[in-house]
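**Q** One-letter residues, chain by chain:
Protein chains: 6
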Amino acid sequence: MKASVIRKSHFNAAHRLHNRKWSEEKNQEVFGLCNNANYHGHNYELEVKLTGEIDPETGYVYDMKLLANLIKMEIEERFDHKNLNLDVPDFIDLIPSAENISVVIYDILRQKIESEFDLSIKLWETPRNCVEYPAKI
Amino acid sequence: MKASVIRKSHFNAAHRLHNRKWSEEKNQEVFGLCNNANYHGHNYELEVKLTGEIDPETGYVYDMKLLANLIKMEIEERFDHKNLNLDVPDFIDLIPSAENISVVIYDILRQKIESEFDLSIKLWETPRNCVEYPAKI
Amino acid sequence: MKASVIRKSHFNAAHRLHNRKWSEEKNQEVFGLCNNANYHGHNYELEVKLTGEIDPETGYVYDMKLLANLIKMEIEERFDHKNLNLDVPDFIDLIPSAENISVVIYDILRQKIESEFDLSIKLWETPRNCVEYPAKI
Amino acid sequence: MKASVIRKSHFNAAHRLHNRKWSEEKNQEVFGLCNNANYHGHNYELEVKLTGEIDPETGYVYDMKLLANLIKMEIEERFDHKNLNLDVPDFIDLIPSAENISVVIYDILRQKIESEFDLSIKLWETPRNCVEYPAKI
Amino acid sequence: MKASVIRKSHFNAAHRLHNRKWSEEKNQEVFGLCNNANYHGHNYELEVKLTGEIDPETGYVYDMKLLANLIKMEIEERFDHKNLNLDVPDFIDLIPSAENISVVIYDILRQKIESEFDLSIKLWETPRNCVEYPAKI
Amino acid sequence: MKASVIRKSHFNAAHRLHNRKWSEEKNQEVFGLCNNANYHGHNYELEVKLTGEIDPETGYVYDMKLLANLIKMEIEERFDHKNLNLDVPDFIDLIPSAENISVVIYDILRQKIESEFDLSIKLWETPRNCVEYPAKI
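Protein chains in written order, with the working numbering: chain H, 1 to 137; chain Z, 1 to 137; chain Y, 1 to 137; chain D, 1 to 137; chain E, 1 to 137; chain A, 1 to 137.
Heads up, a few of these hints could be off.
Any copy will do: because identical chains look the same in the list, a pair fits if it lies in one copy or spans two.
The calculated lysine to any residue pairs, modelled on SDA-like cross-linking and capped at a C-alpha distance of 20 Å, are [to be verified]:
hint : residue 1 : residue 2
1    : K8        : E25
2    : K21       : D90
3    : K26       : H10
4    : K112      : N35
5    : K8        : E29
6    : K21       : D55
7    : K26       : E57
Think of the hints as simulated: they come from the structure by calculation, not from any bench.
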C-alpha cells in the first residue's frame with residue numbers, strides 16, 4: 001500500500017541568470033531583469049515528495065522529522081541566505097534557474113534517500129512561478 | 001532532462017450555469033444557485049503547466065516572461081472582467097462550468113505553444129473547487 | 001479584559017460599477033473594465049471583527065458558532081451567487097464597489113449585534129484589493 | 001474528454017501516534033512528541049479528487065454540491081472535533097498517522113462514489129506536512 | 001520613528017472547552033462539539049507583534065532572530081504537541097479558548113520583552129477563526 | 001464616511017544587512033547570515049493602505065487602478081529585480097532592513113498621494129517576518 005508524503009521548507013537566496021558564453025546584449029535580451037549584474041533574490045518555497053510503502057508498524061511512509069532534518073542539513077544549510085552564483089559550488093558552471101536549482105536539490109537528496117523511495121521536487125521561485133522535477137505530465 | 005514549469009495567473013468573470021435544452025425546473029434542480037438568471041461571479045486562479053527539456057543554454061524549460069505574456073494576451077484579455085456567457089464566443093453553445101472553461105483555455109493555449117511541450121491546466125473557481133485538464137489520475 | 005475575534009467567510013457574486021447619472025463615456029473613463037454592461041464577478045472573502053470583554057464563564061468574547069451562523073443568514077444568503085446590482089435591493093441606488101459593499105454589510109450586522117461589541121469589516125474583492133470599514137488608521 | 005475535479009474541506013481533530021505492541025521507550029524514540037499520552041491535534045485540510053468524463057449536458061465531471069455534501073456526511077461528521085484514537089472506530093487497531101487517515105478516508109469514499117470515477121486523497125496535517133493516497137509518482 | 005514588527009509561528013495542540021462549574025447539559029449546550037470529553041485539536045498560527053523605535057545602528061525594531069527564539073523557547077516548547085487542558089498548568093483553572101490562550105501567551109511574553117516595546121498577539125485557531133489581544137478596535 | 005483600501009503588490013530583490021561603521025566581527029554577531037557579503041534575497045509582499053472618505057459619485061476611496069499603477073511606477077520599477085544596497089540610492093547610507101525599506105516606501109508614496117489620505121505600509125520580507133510603518137499599536 002503505497003502513499004506519497006510531502007514536506008515543505010523554505011530558503012532565501014540571491015541569484016543572477018547569466019550565460020558567460022554569451023555577449024552582454026544576448027544575456028540582456030534573453031534574461032532581461034534577471035540578468036542584473038548585482039543580483040536579485042527570492043524566498044524559495046520547496047516541496048520534497050517521497051513515495052513508498054506505508055510501514056504497518058509506524059503508519060509512516062517516511063519519518064517526517066527525519067525528512068525535515070535532512071532538508072535542513074542538506075538544502076537549507078547550503079542555500080539559505082546565500083548567493084547561489086557565488087556561494088554554492090553547484091552553480092559555478094550551471095545557471096541557477098529554478099529548473100536547475102530543482103535538479104541540483106534532487107541530485108543531493110537522491111543520494112541521501114534510500115532508492116526504494118521515489119523522489120520528486122517542486123520549487124516555487126515566486127508565488128506565481130514554479131518548477132517540478134522530474135517532469136509531471 | 002525534462003521538467004515541468006507552472007505559471008499562475010488570475011481573472012475575474014461573471015457566469016451562469018444553464019442548459020438551454022432543459023426546462024427552468026430542471027435547470028434549477030441541477031444547477032441550483034449557479035443557475036441565477038442574473039449571473040454570479042468568481043476570481044478564477046489559473047495554473048498553466050508546460051513540460052519539456054531543460055535548455056542547457058538558458059536553464060529554462062520555457063521563458064516564463066513569454067508564458068506570462070501569452071496567458072495575458074490569450075486568456076486574461078479574453079476572460080478578465082467579462083461575462084463568460086455573453087462576452088466570450090466560446091461559450092455560446094457551451095456551459096461555462098469550470099471543467100469547460102479549462103478545456104477552452106487548453107485548446108486556446110495548445111495552438112500557441114509548440115507541440116514539443118506537454119500542456120495542462122489547473123483552474124480554481126473558488127478556494128475550495130478546482131479542475132485539472134487533461135485529467136490527472 | 002477586552003479582545004477582538006475575527007470570523008472569515010466567503011461569497012461569490014457578480015457586479016458592475018456604473019453611475020447612472022453619468023454618460024457612458026464618463027463611466028468608461030472612470031470605471032474601465034469594471035463598467036462592463038454584462039457584469040463580471042468575484043469571490044469575496046469577508047472578515048467580521050467583534051471586540052468586547054472576554055466572558056470568564058465561557059472564555060469567549062462572542063460565540064463563534066453564533067457569529068458564523070449570523071453571517072450565513074444575514075450576509076451569505078443575501079449576497080452569495082447573486083448579481084449585486086440586480087438581486088440585492090441595497091444596491092438599487094448605490095454603486096456596489098467594495099467600499100459600499102463593506103458599508104452595507106456593516107449596517108446589516110450592526111443591527112444584529114449587541115451595541116456593547118465594537119464591529120468592523122474587512123472585505124477582499126480580489127487577492128490584491130481589500131477594504132476596511134470603518135477606516136483603520 | 002476526461003478531467004479531474006478537486007474539492008477541499010476541513011476538520012479539526014486530536015490524535016496520538018502510539019504502537020501498543022511496543023514499549024514506551026520505543027514509542028518515545030520513534031514518535032517523539034507525537035506520542036504524548038494526552039494527545040495533541042491538528043486542523044486537517046483535505047482535498048478529494050475525482051476523475052471522469054465531462055458530461056456534455058451539465059459541463060460537470062461530478063456535481064460539486066453533491067461531492068461537498070458527501071464529504072460533509074461521510075468524513076467531517078465522523079472526524080471533525082473528534083479524538084481519532086478514541087472516537088473513530090477505524091483507528092482502534094490502526095495508528096492515526098496522516099498516511100493511515102488518508103487510506104481510511106479513501107476507503108470510505110470509494111464505497112460511496114461510482115466506480116467509473118477515479119478517486120484520490122490529499123491530506124495536509126500541518127501547513128508543511130502532507131500525504132497523497134494512492135501514491136502519485 | 002516607530003514601526004511594528006510581526007513574527008509568525010506555529011504550534012499543534014489538543015484542547016477541550018468545558019466549564020467545571022456547569023452541568024454536562026449546559027456545557028454541551030454552550031460548547032457543543034468543542035466540549036468533546038476526549039478532546040479535539042488545532043494547528044494554531046500565532047502572530048506576535050512588537051512596536052518600538054527603529055534603531056538607527058541596526059535598522060531593527062527588534063532582532064527577529066531573538067524574537068523567533070523567544071517564541072520558540074517560551075511558547076512552542078510549552079504548547080506544541082501538548083494537551084492544553086492536561087499538560088499546560090496555565091489552563092488548570094482557565095478554559096483554553098482561543099481568547100484565553102492569547103491572554104496567556106501575552107502574559108508570558110510581556111514578562112520577557114522590555115517594557116519599551118508595545119506587544120500584541122494574534123492567534124488563528126482555524127483558517128476562519130482568530131483572536132487579537134489586546135483588543136484592536 | 002471613511003474607509004481604508006489596501007492594495008497588495010510584489011517585488012523580488014537582493015540585499016545585505018551591514019553597518020559600515022562596525023567591525024566585521026560585530027556585523028557578523030548582530031546580523032549573522034543576513035550579513036553575507038555576497039547578498040541574499042527575498043520575494044517582498046507589499047501592502048499599501050490609504051484611508052479617506054468614500055466618494056459618493058464613484059463608491060471609491062481611491063481608484064485602485066491608479067494606486068496599482070502608482071505602486072508599479074514608483075516602487076516596483078525602483079526595487080524589483082534589484083540589489084537594494086547597490087542599485088537603490090536610498091540605501092547608500094541606510095541599512096536595507098525591512099523596517100527601513102518600509103520607511104523609504106512610505107516616504108516615496110507620501111509625496112505622490114494627496115495629504116487628505118492617511119497612508120500606511122505593511123511589508124512581508126518572508127512568510128513569517130513582517131513590518132508595519134507607521135507603527136500600529
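**Q** For each hint, tell me whether it holds in the structure or not.
**A** Hint check:
Taking CA atoms no more than 20 Å apart as the test, K8 paired with E25 passes in neither setting, with 38 Å inside one copy and 29 Å between copies. Taking the shortest alpha-carbon separations for K21 and D90, only the intra-copy value of 18 Å comes in at or below 20 Å, while the best inter-copy value is 34 Å. Taking the shortest alpha-carbon separations for K26 and H10, neither the intra-copy value of 32 Å nor the inter-copy value of 27 Å comes in at or below 20 Å. In this assembly of identical chains, the alpha carbons of K112 and N35 never lie at most 20 Å apart, being 33 Å within a copy and 27 Å across copies at closest.
Taking the shortest alpha-carbon separations for K8 and E29, neither the intra-copy value of 34 Å nor the inter-copy value of 24 Å comes in at or below 20 Å. In this assembly of identical chains, the alpha carbons of K21 and D55 lie at most 20 Å apart only when taken from different copies (14 Å versus 50 Å within one copy). Taking CA atoms no more than 20 Å apart as the test, K26 paired with E57 passes between copies only; the shortest distance there is 12 Å, against 57 Å inside one copy.
Checked against the numbered hints given earlier, this structure breaks hints 1, 3, 4 and 5; the rest are met.
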